[in-house]
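Peer 1: The lines below spell out each chain.
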Amino acid sequence: MQETREIIDGCLSGSRRDQELLYRRYSPRLYAVCLQYSGNTDEARDVLQEGFIKIFENLSAFSHEGSFEGWMRRIIVNTALEKYRSKYYLNRIDDIDELAEPMADPGTDDFSGLEAGDLLNIIMELPPKYRMVFNLYAIEGYSHKEIGGMLKISEGTSKSNLSRARDILQKKVKVLTGITKRMVNV
Amino acid sequence: MFDKEPNIDIVFRNGLKDLEVLPPADVWANIPAMPVARRRFGMVFRIAASIAALLTLSLVASWFSGNNGTVTSGPELASMFSDSEISGVADLQKPSAIIRKLTAVAPVSNPVAIPEREEEATIENSTSLSLPAIALSQDEADESDRKETNTHTTEDAIIVIPQRFSAFPDQTGQLALVEPNKSGDERFSLGASLSPSMGFSGAPEDIRLAELLSSEKGVPTYSTGLTFAYKLSPRFSIQSGIGVASLGQIVTGIDVFAGLSDFYAVKGSYLYRVETSSGMVVSGNTDLYLSDSKNRVGTFIPGGMADPSKYPLTQVDDKIHQIFRYLEVPLLVRYKVIDRDIDMNVSGGMSYGFLVQNSAFAMDGNNMIPIGHTEGVNIHTFSSQVGLGMEYSFSKVISFNLEPVFKYYMTPLSNLSGTLSRPYSFGLLSGFFVRF
Chain A
1 MQETREIIDG CLSGSRRDQE LLYRRYSPRL YAVCLQYSGN TDEARDVLQE
51 GFIKIFENLS AFSHEGSFEG WMRRIIVNTA LEKYRSKYYL NRIDDIDELA
101 EPMADPGTDD FSGLEAGDLL NIIMELPPKY RMVFNLYAIE GYSHKEIGGM
151 LKISEGTSKS NLSRARDILQ KKVKVLTGIT KRMVNV
Chain B
187 MFDKEPNIDI VFRNGLKDLE VLPPADVWAN IPAMPVARRR FGMVFRIAAS
237 IAALLTLSLV ASWFSGNNGT VTSGPELASM FSDSEISGVA DLQKPSAIIR
287 KLTAVAPVSN PVAIPEREEE ATIENSTSLS LPAIALSQDE ADESDRKETN
337 THTTEDAIIV IPQRFSAFPD QTGQLALVEP NKSGDERFSL GASLSPSMGF
387 SGAPEDIRLA ELLSSEKGVP TYSTGLTFAY KLSPRFSIQS GIGVASLGQI
437 VTGIDVFAGL SDFYAVKGSY LYRVETSSGM VVSGNTDLYL SDSKNRVGTF
487 IPGGMADPSK YPLTQVDDKI HQIFRYLEVP LLVRYKVIDR DIDMNVSGGM
537 SYGFLVQNSA FAMDGNNMIP IGHTEGVNIH TFSSQVGLGM EYSFSKVISF
587 NLEPVFKYYM TPLSNLSGTL SRPYSFGLLS GFFVRF
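Residue numbers (this note's numbering), protein chains in the order written: chain A, 1 to 186; chain B, 187 to 622.
Same shape as in the complex, but just chain A:
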């Protein structure tokens, strides 16, 4: 298999074939990220398309330090954030007082039977503001302060949204797990 570095060099030299090779290699994983942030396939395909255009435009800036996939993922996430800000900014919820993060009881739930596709569907069903905060905090590892800056909300709102997102996800996962177990027992 052709090395990623060779493909990047080919893309930089203007090779359309290498650009397509890069797209074919990484688009499935990045499209999953788009779906995770977008909530529906139409918006996800727009994010993927815009994101890849940015990736190609900025490819020369990649310094080969760190993960190339991580670099692309950040571009995709930023593209999804721009989309979210332009679409949902006017519908933002009011800031509320800072809330303590409710901690789920660790290790008491058995979610082992869940497929990745199920998890993606659950996360896509979340309201956008909860989905964004959950993705940025739980998946990407950003702090509430950073998330507040990205989404133009307060840290308190970020924590609140995260709390509500977790509640919703917990319930849906439990329901789905129950259904799965019942199906296995049948």
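Do not take every clue at face value.
The list that follows gives simulated cross-link-like pairs (lysine-lysine, DSS-like), each with its CA atoms no further than 30 Å apart [unchecked claim]: (1) B:Lys-203 - A:Lys-145; (2) B:Lys-203 - A:Lys-87; (3) B:Lys-203 - A:Lys-174; (4) A:Lys-152 - B:Lys-522; (5) B:Lys-203 - B:Lys-496; (6) B:Lys-480 - B:Lys-403; (7) B:Lys-203 - A:Lys-83; (8) B:Lys-496 - B:Lys-417; (9) A:Lys-172 - A:Lys-152; (10) A:Lys-87 - A:Lys-152; (11) A:Lys-152 - A:Lys-54; (12) A:Lys-83 - A:Lys-54; (13) B:Lys-203 - A:Lys-172; (14) B:Lys-480 - A:Lys-171; (15) B:Lys-203 - A:Lys-54; (16) B:Lys-480 - B:Lys-505; (17) B:Lys-496 - A:Lys-145; (18) B:Lys-417 - B:Lys-203; (19) A:Lys-171 - A:Lys-145.
Hints are computed from structural coordinates only; laboratory data are not their basis.
Following the hints, complete the assembly by docking chain B onto the known chain A.
Peer 2: For chain B alone, kept in the frame of chain A given last:
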């Protein structure tokens, strides 16, 4: 660390980590072909390499063409042969390089068969000729000039012997081969040079810096580039050009482990910093875990988030390599101390450097693993250098230079306080030069 987080976060983080979903088929068709966006300095290096290749070809071509006789006119010859060109043959001056048609020279006992026609002609592949046939001493030439002052026209046959000969015969009665000219009127020269060197850092007063330096080693480095010189006088010349200077060091005692990304999904910021004498190395490779026993490695991983030392990671190296490359523009003065077959030169001057590459990496066997870069490295540097060199001329236009050089960086490599390291290096500059 994960067991302190809500379980639902872990479920989604791990569950979605490797998820792949095929995108709609028409997305690729809507992504336009991207224009060529070449890396800036890659282009510079390619141009420099092309020029160096062309120069090499030119030198080879000049070398071969220099062995063939040529026919040219008087003014061109006058510019080619100055009074000082013909070393070791004081009486063979410029006019004697021009051999007039035989009818103007008397008496001739064993004339060489040179065409009587008043045309330019060439003697090819001649290695020895009978003296009386063609050569004139300066006095004879002058006398001949006086006698023919009124008759010299462009119709005079002008012959340039492919290799020059002494006006005086050797013991065999043949013309003695004369050393080719090595210093003409050519004032410009262009060359390509390479200087391998060894870098060192000065002894610091700062205790911490001394401690850091004790764990660091200089590595063989090099400078290479194109040089352009202008001769102000027979002995003085100024020199400039453009080149790349590479500096580097090895930081020992840093254990580098790979495989962190298999266990710990992180965002894209730097995870580790490593204190070195030349600045702070920041690690942008999220797959690596760094540690050492000298309190040089710090982590940006938030407390309680993870303890990578507990993961089964693979150690790939026990040191870090730092490389800094500067695009350099020197300005030097060169003085020719001895002007012989092998010239001796002293040179000195300054160079301005602009940082074009700053990288830190580990080695896994022969594979280079990027770590990150060094923060605080000065983008602009000024260095001074002195050299004592030898120059050997292969021909009138081509010479080879060999010059031990001492170089000292006047600006410290790092602009971080407490890490003022001023490296110096000893190198051996060598290169070919062509004059024009």
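Peer 1: So, for every hint listed, does it hold in this structure?
Peer 2: Consistency of the hints with the structure:
1. Of the pairs offered as hints, the one joining Lys-203 of chain B and Lys-145 of chain A holds, with about 24 Å between alpha carbons and a cut-off of 30 Å not exceeded.
2. Distance check on the hinted pair: Lys-203 of chain B and Lys-87 of chain A sit about 27 Å apart at the alpha-carbon level, within 30 Å; holds.
3. Distance hint between Lys-203 of chain B and Lys-174 of chain A is fulfilled; the C-alpha atoms sit about 20 Å from each other, no more than 30 Å.
4. Pair hint Lys-152 of chain A plus Lys-522 of chain B does not hold up; C-alpha atoms about 69 Å apart against a cutoff of 30 Å.
5. A distance of roughly 21 Å separates the Cα atoms of Lys-203 of chain B and Lys-496 of chain B; the hinted pair therefore holds under the 30 Å criterion.
6. Pair hint Lys-480 of chain B plus Lys-403 of chain B holds up; C-alpha atoms about 16 Å apart against a cutoff of 30 Å.
7. This hinted pair checks out: Lys-203 of chain B and Lys-83 of chain A have alpha carbons roughly 23 Å apart, not beyond 30 Å.
8. Taken as a hint, the Lys-496 of chain B and Lys-417 of chain B pair is broken in the structure, with Cα atoms around 67 Å apart against an allowance of 30 Å.
9. Between the alpha carbons of Lys-172 of chain A and Lys-152 of chain A the distance comes to roughly 28 Å, so the proposed pair stays at or under 30 Å and holds.
10. Proximity of Lys-87 of chain A to Lys-152 of chain A is assessed by CA-CA distance (about 13 Å); at most 30 Å being required, the pair is judged to hold.
11. The suggested pairing of Lys-152 of chain A with Lys-54 of chain A holds, with an alpha-carbon distance near 23 Å, which does not exceed 30 Å.
12. Among the hinted pairs, Lys-83 of chain A with Lys-54 of chain A is consistent with the structure: their alpha-carbon atoms are about 14 Å apart, no more than 30 Å.
13. Taken as a hint, the Lys-203 of chain B and Lys-172 of chain A pair is honoured in the structure, with Cα atoms around 20 Å apart against an allowance of 30 Å.
14. At most 30 Å may separate the alpha-carbon atoms for a hinted pair to count; Lys-480 of chain B and Lys-171 of chain A exceed this at roughly 49 Å.
15. The suggested pairing of Lys-203 of chain B with Lys-54 of chain A holds, with an alpha-carbon distance near 23 Å, which does not exceed 30 Å.
16. With a CA separation close to 13 Å, the supplied pair Lys-480 of chain B and Lys-505 of chain B stays within the 30 Å bound.
17. About 29 Å separates the Cα atoms of Lys-496 of chain B and Lys-145 of chain A, which keeps this hinted pair within 30 Å; it holds.
18. A distance of roughly 66 Å separates the Cα atoms of Lys-417 of chain B and Lys-203 of chain B; the hinted pair therefore is violated under the 30 Å criterion.
19. With a C-alpha separation of about 27 Å, the suggested pair Lys-171 of chain A and Lys-145 of chain A falls inside the 30 Å cut-off, and the hint holds.
The earlier numbered hints that this structure contradicts are 4, 8, 14 and 18.
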